[in-house]
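A.B. asks: As given, the protein sequences belong to chains A and B, one line each in that order.
Residue numbers for the first sequence follow our numbering, so the first one is 1 and each next one is one higher.
Residue numbers for the second sequence follow our numbering, so the first one is 1 and each next one is one higher.
Possibly wrong hints are sitting among the right ones.
Claimed, not checked - The calculated label-pair distances, taken between Cβ atoms and stated as ranges, are:
id: 1; chain 1: A; residue 1: Leu261; chain 2: B; residue 2: Ala128; range: 50 to 56 Å
id: 2; chain 1: B; residue 1: Arg111; chain 2: A; residue 2: Leu65; range: 56 to 62 Å
id: 3; chain 1: B; residue 1: Arg111; chain 2: A; residue 2: Gly198; range: 51 to 57 Å
Stated by the list, open to error - Some chain B residues judged to face chain A by a derived CB distance under 7 Å, without partners named:
id: 4; residue: Gly23
id: 5; residue: Val24
id: 6; residue: Leu54
id: 7; residue: Ala65
id: 8; residue: Thr68
id: 9; residue: Pro71
id: 10; residue: Ser72
id: 11; residue: Arg78
id: 12; residue: Ala79
id: 13; residue: Leu83
id: 14; residue: Leu91
id: 15; residue: Gln105
id: 16; residue: Arg106
id: 17; residue: Ala107
id: 18; residue: Ala179
To be verified - To spell it out: a stretch of chain A is covered by chain B in this simulated footprint if at least three of its residues, at any positions, have a beta carbon under 8 Å from a beta carbon of chain B; those stretches are:
id: 19; region: 8-15
id: 20; region: 168-175
id: 21; region: 245-255
Hints listed in this document are in silico derivations from the structure and should not be mistaken for laboratory results.
Glycine is no exception: its CB is placed at the ideal position from the N, C-alpha and C atoms.
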Amino acid sequence: MSDLIQLGPLQLAVATLLVIAAGVVSLALRLGVERRLAVAAVRTVVQLGLIGVILERVFALREPLLVLGILLLMTMFAAREAAQRSSRGYRGIVVDAWLAMAASCFVVGGVVTQAVVGVEPWYDPQYVIPLLGMILGNSLTGIALGLDRFLEHLAVRHHEVELRIAFGASRREALAAPLRDAVRTGMVPIINAMSAAGIVSLPGMMTGQILAGAPPLQAVAYQIVVMFMIAAAVAGGAMLVVLLAGRRFMGADATLRLDRLRSS
Amino acid sequence: MPALVEAGPFSARNGEGRQLFDGVRVELGEGQLAVLDGPSGSGKSTLLRQLVGLETADGVERRLAGETFEPSSLPGWRARVTLVAQDAPMLAGTVGDNLRFAFAQRAAAGRTVDESRLAELMSATGLAGIPESRDAATLSGGERHRLALVRGLLWDPAVLVADEPMSGLDTAAAEACFALLLDFAHRPDHGALCVLHDATQKRAADVRLHLGGTAGGGSP
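With the hints as constraints, model all of the structure from the sequences given.
C.D. replies: Listed below in structure tokens is the structure:
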């Protein structure tokens with residue numbers, strides 16, 4: 001966009017003064033975080049610099065297979081992260097998280113990029129990668145929360161689950177309460193974010209678009225699409241991951257296998 | 001008397017790997033109340049949980065009134081050979097939720113709550129004053145145990161399997177509950193298997209089963 005103010009090395013150098021100021025505060029108050037702050041600042045520059053270089057290349061190449069590969073890689077990192085955030089685990093948790101994440105994000109991402117935004121060509125990395133990145137980042141939280149809550153329900157309230165089983169519950173009936181509990185918990189952050197949007201905070205993506213010169217109403221339209229797609233991805237992803245996890249703990253005979261639960 | 005339940009062989013080890021019991025078969029005649037006893041730690045609860053199918057047990061055959069239940073039909077087995085678990089677990093929710101939830105499950109196959117039987121059971125166990133709207137979490141330990149027994153009897157399975165159903169009850173309440181259990185078990189096509197500790201109640205049972213003591217392992 002024409003009215004975008006370009007940032008060069010000089011501007012970044014000036015901005016560095018700000019993080020140095022934060023370091024001075026740490027030294028003056030003897031907080032002892034100046035070393036960690038310095039490392040974090042360097043990591044910010046290196047990591048973002050790398051991703052910037054990669055994105056420039058990907059945008060320039062416009063190669064559909066490359067875009068798909070990057071998307072797949074993103075879902076794998078997100079799945080690992082989601083599994084690690086859960087305080088309990090089981091064999092196959094990363095696989096389940098990945099399947100749920102990939103399925104829900106590709107379906108929702110597909111609907112948004114192809115049907116709502118109408119990206120041309122379908123893999124245009126400038127749209128597809130940031131949009132999917134946002135779905136992943138946010139549904140990761142939802143999936144991790146849902147998974148964590150589901151495993152906690154099994155660990156803490158297994159007497160209730162087994163009570164239903166003792167009276168002949170099928171697997172679906174036995175897992176209905178933990179599933180509802182988990183998906184509800186997973187959806188709390190996005191519902192809160194949707195309720196507070198524009199009042200408590202300006203969502204990051206909208207802010208970025210406005211900074212980049214987009215008309216505010218256009219930025220708002222994009223933000224609404226993003227919020228809704230995150231809600232769909234979280235609901236779908238949390239439900240899927242819990243269904244997959246449920247199968248690890250209960251076969252068709254509806255016997256609860258708590259021995260497969262690990263606390264990590 | 002014809003056998004109502006035949007199941008086994010059951011075997012189990014405790015957490016340290018010591019054999020609790022091995023090759024145990026459970027047989028229960030129609031119209032009988034059987035009592036299972038044994039020292040604490042002998043695996044009574046584990047045996048009951050394996051019998052009803054809450055705990056995995058490989059290579060076990062389960063037969064009820066001549067009908068064989070495969071592992072895949074365990075939900076149907078559990079609905080007819082139903083456990084009243086130790087410590088009387090309650091669902092989060094009201095007393096009514098806890099009494100009625102099973103009838104909303106598929107295994108109920110359209111059966112509905114027999115309201116007059118429910119009223120009769122509640123008054124026989126001294127729970128008539130507790131409204132169904134009460135939060136189950138507010139019940140005392142004794143009330144919970146009685147409610148769990150009422151829930152099991154109301155469900156009316158072929159066989160009620162109860163793990164210390166009268167623990168924590170005073171003598172009068174325990175006697176009332178035991179009388180209900182006896183009545184339940186003594187009907188045709190029914191039976192009950194209970195872990196009990198009271199000597200008088202044990203004597204009143206039709207069959208006494210003993211677990212532990214002789215199980216292989218490493219006792220000196």
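A.B. asks: Now tell me if each hint is right for this structure.
C.D. replies: Hints, verified against the model:
1. A:Leu261 - B:Ala128: 50 to 56 Å: With a Cβ separation near 41 Å, leucine 261 (chain A) and alanine 128 (chain B) fall outside 50 to 56 Å, so the hint is violated.
2. B:Arg111 - A:Leu65: 56 to 62 Å: Given about 58 Å between the Cβ atoms, the range holds.
3. B:Arg111 - A:Gly198: 51 to 57 Å: holds (53 Å)
4. Gly23: violated (21 Å)
5. Val24: violated (19 Å)
6. Leu54: OK, holds: leucine 54 (chain B) within 7 Å of chain A, min 6 Å.
7. Ala65: violated (17 Å)
8. Thr68: violated (15 Å)
9. Pro71: With a minimum Cβ separation of about 5 Å from chain A (threshold 7 Å), the hint on proline 71 (chain B) holds.
10. Ser72: holds (6 Å)
11. Arg78: The hint holds - arginine 78 (chain B) has a Cβ within 7 Å of chain A, the shortest such distance being about 5 Å.
12. Ala79: Holds. Min distance 3 Å.
13. Leu83: holds (5 Å)
14. Leu91: Holds: closest Cβ of chain A sits about 5 Å from leucine 91 (chain B), inside 7 Å.
15. Gln105: Constraint on glutamine 105 (chain B) satisfied, holds at 5 Å.
16. Arg106: Nearest chain A Cβ about 6 Å off; hint holds.
17. Ala107: With a minimum Cβ separation of about 3 Å from chain A (threshold 7 Å), the hint on alanine 107 (chain B) holds.
18. Ala179: violated (23 Å)
19. 8-15: Since 0 is below three, the answer is violated.
20. 168-175: holds (count 4)
21. 245-255: holds (count 4)
Hint check: violations occur at hints 1, 4, 5, 7, 8, 18, 19; the rest are consistent with the structure.
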